[in-house]
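Colleague: Protein sequence lines, in the order shown, are assigned to chains A and B.
Basically our numbering = 1-based index in the first sequence + 12.
Basically our numbering = 1-based index in the second sequence + 12.
Treat the hints as calculated values from the structure; they're not laboratory data.
The beta-carbon is built from N, C-alpha and C at its ideal position, and this holds for glycine as well.
Don't take every hint at face value.
Quick look at which bits of chain B chain A covers, simulated, 3 or more residues with Cβ under 8 Å [said to hold, decoys possible]:
#	stretch
1	111-125
2	131-138
3	410-423
Here are the simulated lysine-lysine pairs, DSBU-like style, with alpha carbons at most 35 Å apart [stated by the list, open to error]:
#	chain 1	residue 1	chain 2	residue 2
4	A	K166	B	K319
5	B	K91	A	K464
6	B	K452	A	K166
7	A	K448	B	K278
8	A	K91	B	K319
9	B	K449	A	K325
10	A	K423	B	K130
11	A	K449	B	K155
12	A	K448	A	K124
13	B	K449	A	K297
14	A	K378	B	K155
15	B	K449	A	K378
16	A	K319	B	K431
17	A	K423	B	K319
18	A	K448	B	K97
19	A	K449	B	K329
20	A	K423	B	K331
21	B	K505	A	K508
22	B	K442	A	K331
23	A	K69	B	K478
24	B	K325	A	K505
25	B	K452	A	K329
26	A	K91	B	K97
27	A	K325	B	K478
28	B	K505	A	K69
29	A	K380	A	K408
30	B	K452	A	K97
31	B	K130	A	K69
32	B	K452	A	K124
33	B	K319	B	K278
34	A	K69	B	K408
35	A	K505	B	K329
36	A	K130	A	K97
37	A	K464	A	K478
2 protein chains.
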Amino acid sequence: MLRLICNNSFSIVWKCNRNMLMSTTPQIAEEVSKLLDLKAQLENREENGCSHKLILKTPKGTRDYNPEQMALRLGVLEKIISVFKRHGAETIDTPVFELKDVLTGKYGEDSKLIYDLKDQGGEILALRYDLTVPFARYLAMNKISSIKRYHIAKVYRRDNPATTKGRYREFYQCDFDIAGQYDPMLPDAECIRVMSEALQMLDLESYLIKVNHRSLLDGIFAACGVPQSKFRSICSAVDKLDKSPWEEVKKEMIEEKGLDEHIADKIGNYVSQSGGIELITELRKDKELMRQSAAVQGLDSMELLLKYCSIYKVLDKIKFDLSLARGLDYYTGVIYEAVLCGDGIDVGSIAGGGRYDNLVGMFDNKNKNVPCVGVSLGVERIFSVLEARLANKGLKTRTNEIEVFVASAQKNLHEPRMKILVDLWEAGVKAEQSYKKNAKLLAQLQHCEENKIPLAIIIGESELAKGEVTLRIVSSREEIRVSRSNLIEEIRKLLKTS
Amino acid sequence: MLRLICNNSFSIVWKCNRNMLMSTTPQIAEEVSKLLDLKAQLENREENGCSHKLILKTPKGTRDYNPEQMALRLGVLEKIISVFKRHGAETIDTPVFELKDVLTGKYGEDSKLIYDLKDQGGEILALRYDLTVPFARYLAMNKISSIKRYHIAKVYRRDNPATTKGRYREFYQCDFDIAGQYDPMLPDAECIRVMSEALQMLDLESYLIKVNHRSLLDGIFAACGVPQSKFRSICSAVDKLDKSPWEEVKKEMIEEKGLDEHIADKIGNYVSQSGGIELITELRKDKELMRQSAAVQGLDSMELLLKYCSIYKVLDKIKFDLSLARGLDYYTGVIYEAVLCGDGIDVGSIAGGGRYDNLVGMFDNKNKNVPCVGVSLGVERIFSVLEARLANKGLKTRTNEIEVFVASAQKNLHEPRMKILVDLWEAGVKAEQSYKKNAKLLAQLQHCEENKIPLAIIIGESELAKGEVTLRIVSSREEIRVSRSNLIEEIRKLLKTS
Numbered sequence: 013m014l015r016l017i018c019n020n021s022f023s024i025v026w027k028c029n030r031n032m033l034m035s036t037t038p039q040i041a042e043e044v045s046k047l048l049d050l051k052a053q054l055e056n057r058e059e060n061g062c063s064h065k066l067i068l069k070t071p072k073g074t075r076d077y078n079p080e081q082m083a084l085r086l087g088v089l090e091k092i093i094s095v096f097k098r099h100g101a102e103t104i105d106t107p108v109f110e111l112k113d114v115l116t117g118k119y120g121e122d123s124k125l126i127y128d129l130k131d132q133g134g135e136i137l138a139l140r141y142d143l144t145v146p147f148a149r150y151l152a153m154n155k156i157s158s159i160k161r162y163h164i165a166k167v168y169r170r171d172n173p174a175t176t177k178g179r180y181r182e183f184y185q186c187d188f189d190i191a192g193q194y195d196p197m198l199p200d201a202e203c204i205r206v207m208s209e210a211l212q213m214l215d216l217e218s219y220l221i222k223v224n225h226r227s228l229l230d231g232i233f234a235a236c237g238v239p240q241s242k243f244r245s246i247c248s249a250v251d252k253l254d255k256s257p258w259e260e261v262k263k264e265m266i267e268e269k270g271l272d273e274h275i276a277d278k279i280g281n282y283v284s285q286s287g288g289i290e291l292i293t294e295l296r297k298d299k300e301l302m303r304q305s306a307a308v309q310g311l312d313s314m315e316l317l318l319k320y321c322s323i324y325k326v327l328d329k330i331k332f333d334l335s336l337a338r339g340l341d342y343y344t345g346v347i348y349e350a351v352l353c354g355d356g357i358d359v360g361s362i363a364g365g366g367r368y369d370n371l372v373g374m375f376d377n378k379n380k381n382v383p384c385v386g387v388s389l390g391v392e393r394i395f396s397v398l399e400a401r402l403a404n405k406g407l408k409t410r411t412n413e414i415e416v417f418v419a420s421a422q423k424n425l426h427e428p429r430m431k432i433l434v435d436l437w438e439a440g441v442k443a444e445q446s447y448k449k450n451a452k453l454l455a456q457l458q459h460c461e462e463n464k465i466p467l468a469i470i471i472g473e474s475e476l477a478k479g480e481v482t483l484r485i486v487s488s489r490e491e492i493r494v495s496r497s498n499l500i501e502e503i504r505k506l507l508k509t510s
Numbered sequence: 013m014l015r016l017i018c019n020n021s022f023s024i025v026w027k028c029n030r031n032m033l034m035s036t037t038p039q040i041a042e043e044v045s046k047l048l049d050l051k052a053q054l055e056n057r058e059e060n061g062c063s064h065k066l067i068l069k070t071p072k073g074t075r076d077y078n079p080e081q082m083a084l085r086l087g088v089l090e091k092i093i094s095v096f097k098r099h100g101a102e103t104i105d106t107p108v109f110e111l112k113d114v115l116t117g118k119y120g121e122d123s124k125l126i127y128d129l130k131d132q133g134g135e136i137l138a139l140r141y142d143l144t145v146p147f148a149r150y151l152a153m154n155k156i157s158s159i160k161r162y163h164i165a166k167v168y169r170r171d172n173p174a175t176t177k178g179r180y181r182e183f184y185q186c187d188f189d190i191a192g193q194y195d196p197m198l199p200d201a202e203c204i205r206v207m208s209e210a211l212q213m214l215d216l217e218s219y220l221i222k223v224n225h226r227s228l229l230d231g232i233f234a235a236c237g238v239p240q241s242k243f244r245s246i247c248s249a250v251d252k253l254d255k256s257p258w259e260e261v262k263k264e265m266i267e268e269k270g271l272d273e274h275i276a277d278k279i280g281n282y283v284s285q286s287g288g289i290e291l292i293t294e295l296r297k298d299k300e301l302m303r304q305s306a307a308v309q310g311l312d313s314m315e316l317l318l319k320y321c322s323i324y325k326v327l328d329k330i331k332f333d334l335s336l337a338r339g340l341d342y343y344t345g346v347i348y349e350a351v352l353c354g355d356g357i358d359v360g361s362i363a364g365g366g367r368y369d370n371l372v373g374m375f376d377n378k379n380k381n382v383p384c385v386g387v388s389l390g391v392e393r394i395f396s397v398l399e400a401r402l403a404n405k406g407l408k409t410r411t412n413e414i415e416v417f418v419a420s421a422q423k424n425l426h427e428p429r430m431k432i433l434v435d436l437w438e439a440g441v442k443a444e445q446s447y448k449k450n451a452k453l454l455a456q457l458q459h460c461e462e463n464k465i466p467l468a469i470i471i472g473e474s475e476l477a478k479g480e481v482t483l484r485i486v487s488s489r490e491e492i493r494v495s496r497s498n499l500i501e502e503i504r505k506l507l508k509t510s
């Protein structure tokens with residue numbers, strides 16, 4: 013019934029076109045308008061699903077989560093939320109789509125990846141690309157000047173994803189952000205601590221947190237002779253160093269972004285450097301760099317940040333890396349990114365963030381800013397890593413929490429089963445039965461073992477007549493007789509010990 | 013910076029148009045194509061946000077949830093999930109959008125409310141309208157023949173919502189469904205029990221569950237002389253009886269749907285009836301109706317359902333209501349709907365569902381069906397009711413879970429504060445500090461009282477020198493001296509008792 017046959021509207025369109033060609037010129041405008049209407053109708057028809065077979069799939073770059081995957085995912089999210097709550101975050105939610113204008117001009121080169129909704133009359137909308145811009149819009153709209161919030165929700169990017177590497181077009185982000193006018197680096201260092209605690213909680217073997225500062229990068233660009241108008245686009249190029257070799261990035265700087273070769277080489281010299289606190293000392297000796305106030309300010313900030321990271325016991329995870337640039341336009345201060353190392357699976361960056369002090373102001377009529385810093389965890393990649401690990405170990409997770417299965421040993425006992433069930437439910441016990449009136453006892457008990465249900469109640473006519481039931485401990489197959497009136501109590505006792 | 017000025021592209025378009033009018037006919041097709049390109053560019057420009065001011069709002073029919081609302085919402089969802097789990101449901105998730113074809117032909121008159129995504133090259137997509145159709149698609153795609161699952165997620169409808177009544181264009185649904193070939197009414201009765209348990213859990217004062225059966229409705233329509241081709245559209249008309257008086261519905265049947273007046277009157281006679289088990293006995297006496305096998309089958313099913321509902325202790329909540337029709341096309345058996353009564357707030361239907369045995373088959377190449385029955389809770393309306401109630405009582409909810417605030421009584425003690433903080437976090441204690449180095453002590457303590465944080469640690473130079481801190485119980489303002497080495501232990505003790 014889904015495969016209706018379209019009228020061949022093309023022929024109508026072309027007939028109309030020929031008529032148009034024969035008519036006198038003043039009529040052309042009208043005919044063009046008709047043509048456009050017909051074309052729109054035709055497109056509409058096609059979208060309504062005629063003339064092509066129904067393909068049974070999820071949209072490109074998306075996936076369903078089955079119960080096993082959901083159990084894993086909810087476990088991961090719960091751990092992350094516990095870290096966010098340990099740091100005092102409240103949570104908010106925003107709509108999955110925003111007015112298109114809200115997203116425009118925030119993402120630089122990545123804007124082309126935004127999903128637009130169709131104009132069906134009314135507002136022009138687009139799916140959210142991240143949780144940061146909606147957060148900034150929320151702060152400006154509600155005139156909130158300080159908040160510490162987490163937000164876990166799906167975001168959308170029309171990327172060409174390598175789904176094998178855990179990249180999707182629809183994916184969850186877990187964001188923690190601190191907004192407010194505060195003393196330098198106190199919130200920033202806590203964000204790094206939060207990121208580190210979350211990764212630690214997830215037991216992801218070794219990870220490394222790269223940190224850098226946008227002001228320091230700007231200072232470096234200035235010291236190398238990059239004109240200020242090209243700072244952001246050169247920053248974008250540097251950002252590609254985690255995926256491409258320097259030679260390619262250099263080529264982009266020269267050929268696409270019009271930099272002189274000797275300037276590119278100077279930049280290459282800087283961004284190849286990384287280390288710890290000693291790198292700060294090293295850079296302070298660079299007189300050319302120290303003439304740039306942005307660089308001085310960036311280094312001072314980095315020094316304070318690393319000191320706080322040491323107090324917060326995360327310094328051993330940190331690498332001060334001058335090649336870290338972050339793609340998005342809105343960062344203004346410290347930037348950081350966590351990468352997994354080891355574990356055999358290359359998933360690249362799994363968390364990142366930084367300071368964005370001017371984003372809220374872009375939504376305020378008087379440009380009033382609220383300084384913000386935050387971190388975003390890319391949990392899809394974490395799921396992929398954990399799924400692969402579970403698959404390797406051949407482990408299976410329980411996907412429901414049933415405590416008691418109510419079985420019957422003879423035919424036509426479904427009503428007594430139901431009477432027991434409702435008592436269990438009213439006592440808050442998680443319980444189920446077969447939806448077949450006369451399921452075989454063996455099948456019922458097998459269901460219990462396969463699904464790791466701890467207890468089974470087995471009823472038979474003779475026991476019922478005596479006001480008793482059999483209670484079976486599924487794992488040991490041990491069975492005891494229990495009086496109907498003690499049943500709930502007995503179950504509670506056994507569930508505690510099992 | 014968001015208010016760029018558009019070039020007046022209109023003038024380009026019209027100039028081009030005039031050129032076109034002057035050219036010879038063979039060139040017209042080419043010029044039309046250019047015109048279309050320019051038009052597309054212009055549209056693109058407008059969508060990219062130029063020439064109109066940024067309006068700071070969420071899209072029509074949507075809303076942000078602030079931390080207080082989120083706390084309430086998460087509490088409600090947790091209760092609902094606990095009911096679903098008590099009945100053994102696992103959970104799945106599906107993408108927020110589907111191939112448009114998946115949604116086509118499933119929703120009858122409501123299809124016009126589907127949100128389409130823009131065709132940006134690639135697949136034609138639309139936002140999900142409910143969770144039932146994606147569930148059926150999931151079953152067919154993965155060849156699953158039995159599952160009991162819950163799914164809590166947002167769905168999208170381009171309705172003209174009365175947001176004051178808790179109706180939105182983006183809203184959460186909480187669905188519980190049982191799929192599989194089972195014995196009659198066993199899963200159906202459990203769905204009604206689940207709906208009732210969930211509403212009971214939410215403490216929503218009195219509610220009523222209307223039940224009916226699509227076969228019985230079909231039998232009634234046949235007995236009244238409605239031609240079979242009009243069953244679904246007459247069913248749609250009956251569905252409006254909860255909002256419109258009979259006179260209006262009758263008018264729709266006669267004028268829009270072409271029914272004879274005497275047939276409409278006969279229908280009116282039936283659908284005005286409601287009651288309990290006795291209504292079944294009454295209807296069985298109706299010889300004309302009993303000639304319709306669909307009606308006999310519907311009544312038999314209703315009788316069994318009500319018997320099971322009695323065992324499941326929900327019969328006192330149930331009203332057998334012949335006017336209940338449910339709007340969606342896909343129902344094939346029992347249908348039900350819960351309405352709130354009393355509480356002073358008119359929110360209408362807050363949950364509903366029914367049996368849909370043919371939906372999965374629509375996605376299967378060989379039309380293989382998986383019978384399903386389910387219930388969907390409309391939590392937005394429940395949130396509205398609970399929010400109104402909280403507002404009436406002037407109650408405020410805690411929006412974070414901080415247990416300990418680390419304060420300092422003198423200047424420049426932020427580093428010792430941070431050292432204590434990191435110990436607390438590593439011990440799993442939920443703790444925070446001011447992000448200002450030298451916040452006033454009074455302000456810090458006020459923050460604790462306002463946010464109902466149970467404990468505060470206060471550090472001062474002299475205590476630090478002695479290896480001690482002050483621990484303050486915020487509610488009683490009682491303070492004790494604790495040695496730094498016993499701090500965590502002492503806090504755990506106090507948190508247990510407070």
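Colleague: All hints are to be evaluated individually against the structure, with a verdict given for each.
Modeller: A quick look at each hint next to the structure:
Counting residues of the stretch 111-125 of chain B whose CB lies closer than 8 Å to any CB of chain A gives 6, which reaches the minimum of 3, so the coverage claim holds. Under the rule that three or more residues need a Cβ within less than 8 Å of chain A, the assignment of the stretch 131-138 of chain B holds, with 6 such residues. With 4 residues carrying a beta carbon less than 8 Å from a beta carbon of chain A, the stretch 410-423 of chain B meets the three-residue requirement, and the given coverage holds. Simply put, K166/A and K319/B have alpha-carbon atoms about 44 Å apart, too far for the 35 Å limit, and the pair is violated.
For the suggested pair K91/B and K464/A, the alpha carbons sit about 24 Å apart, so the restraint of at most 35 Å is met. The straight-line distance between the Cα atoms of K452/B and K166/A is roughly 40 Å, outside the 35 Å bound, and the hint therefore fails. A distance of roughly 39 Å separates the Cα atoms of K448/A and K278/B; the hinted pair therefore is violated under the 35 Å criterion. A hinted pair counts as satisfied when its Cα atoms are at most 35 Å apart, and K91/A with K319/B does not qualify at roughly 45 Å.
A threshold of 35 Å between alpha carbons decides the hint, and for K449/B with K325/A the separation of about 19 Å falls inside it, so the pair holds. Distance check on the hinted pair: K423/A and K130/B sit about 57 Å apart at the alpha-carbon level, beyond 35 Å; violated. Between K449/A and K155/B, the direct Cα distance comes to roughly 25 Å. Compliance with the 35 Å bound is thereby established for this hinted pair. A hinted pair counts as satisfied when its Cα atoms are at most 35 Å apart, and K448/A with K124/A does not qualify at roughly 53 Å.
Between K449/B and K297/A the alpha-carbon distance is near 30 Å, which keeps this suggested pair within the 35 Å criterion. Restraint check for K378/A and K155/B: the C-alpha separation of about 57 Å exceeds 35 Å, so the hint is violated. Restraint check: the Cα-Cα separation between K449/B and K378/A comes to about 29 Å, which is no more than 35 Å; the hinted pair holds. Simply put, K319/A and K431/B have alpha-carbon atoms about 12 Å apart, close enough for the 35 Å limit, and the pair holds.
For the suggested pair K423/A and K319/B, the alpha carbons sit about 19 Å apart, so the restraint of at most 35 Å is met. With a C-alpha separation of about 20 Å, the suggested pairing of K448/A with K97/B holds against the 35 Å cut-off. At most 35 Å may separate the alpha-carbon atoms for a hinted pair to count; K449/A and K329/B meet this at roughly 25 Å. Between the alpha carbons of K423/A and K331/B the distance comes to roughly 31 Å, so the proposed pair stays at or under 35 Å and holds.
As the CA atoms of K505/B and K508/A are separated by approximately 25 Å, the hinted pair is consistent with the 35 Å bound. For the given pair, K442/B sits about 28 Å from K331/A by alpha-carbon distance, which is consistent with the 35 Å threshold. As the CA atoms of K69/A and K478/B are separated by approximately 68 Å, the hinted pair breaks the 35 Å bound. The suggested pairing of K325/B with K505/A holds, with an alpha-carbon distance near 26 Å, which does not exceed 35 Å.
The suggested pairing of K452/B with K329/A holds, with an alpha-carbon distance near 34 Å, which does not exceed 35 Å. The straight-line distance between the Cα atoms of K91/A and K97/B is roughly 20 Å, inside the 35 Å bound, and the hint therefore holds. Only pairs whose Cα atoms come within 35 Å are accepted, and K325/A paired with K478/B is accepted, the gap being roughly 24 Å. Straight-line distance between C-alpha atoms of K505/B and K69/A comes to about 54 Å, which puts the hinted pair past the 35 Å bound.
Taking the CA atoms of K380/A and K408/A, the gap is about 52 Å. The hint is violated against a cut of 35 Å. Of the supplied pair hints, the one linking K452/B and K97/A holds, its CA atoms being roughly 25 Å apart against a limit of 35 Å. The suggested pairing of K130/B with K69/A holds, with an alpha-carbon distance near 19 Å, which does not exceed 35 Å. Between K452/B and K124/A the alpha-carbon distance is near 48 Å, which puts this suggested pair outside the 35 Å criterion.
The straight-line distance between the Cα atoms of K319/B and K278/B is roughly 29 Å, inside the 35 Å bound, and the hint therefore holds. The hinted pair formed by K69/A and K408/B fails the criterion: a straight-line CA distance of about 46 Å is larger than 35 Å. Of the supplied pair hints, the one linking K505/A and K329/B holds, its CA atoms being roughly 33 Å apart against a limit of 35 Å. About 38 Å separates the Cα atoms of K130/A and K97/A, which puts this hinted pair outside 35 Å; it is violated.
Between K464/A and K478/A, the direct Cα distance comes to roughly 30 Å. Compliance with the 35 Å bound is thereby established for this hinted pair.
Hints 4, 6, 7, 8, 10, 12, 14, 23, 28, 29, 32, 34, 36, counting from the list given before, are not met by this structure.
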